[in-house]
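> Now for the letters of each chain:
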Amino acid sequence: DQQVKQNSPSLSVQEGRISILNCDYTNSMFDYFLWYKKYPAEGPTFLISISSIKDKNEDGRFTVFLNKSAKHLSLHIVPSQPGDSAVYFCAASGRIYNQGGKLIFGQGTELSVKP
Amino acid sequence: NAGVMQNPRHLVRRRGQEARLRCSPMKGHSHVYWYRQLPEEGLKFMVYLQKENIIDESGMPKERFSAEFPKEGPSILRIQQVVRGDSAAYFCASSPQGTALGEAFFGQGTRLTVV
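Here the protein sequences come in this chain order: A and B.
So the mapping is simple: the working numbering equals the position in the first sequence, first residue as 1, plus 385.
So the mapping is simple: the working numbering equals the position in the second sequence, first residue as 1, plus 70.
Since the hints were derived computationally from the structure, they do not count as laboratory data.
You can trust all of the hints, since none of them are fake.
Restricting the straight-line Cα-Cα distance to at most 25 angstroms, the calculated cross-link-like pairs of lysine-lysine (DSS-like) are:
{"id": "1", "chain 1": "A", "residue 1": "K453", "chain 2": "A", "residue 2": "K422"}
{"id": "2", "chain 1": "A", "residue 1": "K422", "chain 2": "B", "residue 2": "K97"}
{"id": "3", "chain 1": "A", "residue 1": "K390", "chain 2": "A", "residue 2": "K456"}
{"id": "4", "chain 1": "A", "residue 1": "K453", "chain 2": "B", "residue 2": "K114"}
{"id": "5", "chain 1": "A", "residue 1": "K390", "chain 2": "B", "residue 2": "K114"}
{"id": "6", "chain 1": "A", "residue 1": "K422", "chain 2": "A", "residue 2": "K439"}
{"id": "7", "chain 1": "B", "residue 1": "K121", "chain 2": "B", "residue 2": "K97"}
{"id": "8", "chain 1": "A", "residue 1": "K441", "chain 2": "A", "residue 2": "K456"}
{"id": "9", "chain 1": "A", "residue 1": "K456", "chain 2": "B", "residue 2": "K114"}
{"id": "10", "chain 1": "A", "residue 1": "K422", "chain 2": "B", "residue 2": "K114"}
Footprint (simulated), chain B over chain A, 3 or more residues, beta carbon under 8 angstroms:
{"id": "11", "region": "421-432"}
{"id": "12", "region": "489-498"}
Computed footprint of chain A on chain B, listed as stretches where at least three residues anywhere in the stretch have a Cβ under 8 angstroms from a Cβ of chain A:
{"id": "13", "region": "113-125"}
{"id": "14", "region": "176-182"}
Using N, Cα and C, we set each Cβ at its ideal position, and we do this for glycine too.
Sequences and hints are given; from them, build the entire structure.
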């Protein structure tokens, strides 16, 4: 039962353009969402998060949008840079769902930003 | 995420041996999580611990796997009688509070290879 889904395994974008990574979830009890970035042979690094009381959170080049009615969130990176090339994981958590414990991860989307 | 220390980084075990993976959380963090990443897959939750207590072990295989987070010392993930299917990257994460309230910080992982 995949509660958090990233349907695009890979995405290729030209340097300077916008990268949009998508994530869908099924459990309406999730109320906190995060994006992590992962390079090969390294651990995931936290990027940005959003609480379910918001629909947008911005941090520099990174913006996360949350559409609760559609159970969908997206990560926008603009402008994209070659150093952004990595695997991006969407994750969800829920204070009531699991006492604020585990993160449920999507399968990841591999972003390639071409110079 | 350099603050979460995992060792060893690489571990090779023969089938039937025991594997012990260690995780020292970031200073001040009392919540520890273990995740497993199989080849070509996302991160799967295994277990969530606080000092001396297992909070959620719903992702742990029923047999051969155990985890602890003692009052003193690192958290240990122990796999007894390893099989080839246990070959994966095992990541530890820590947080000062539950992940519904903030992000978790990951270590660089232990790559277990069972031969």
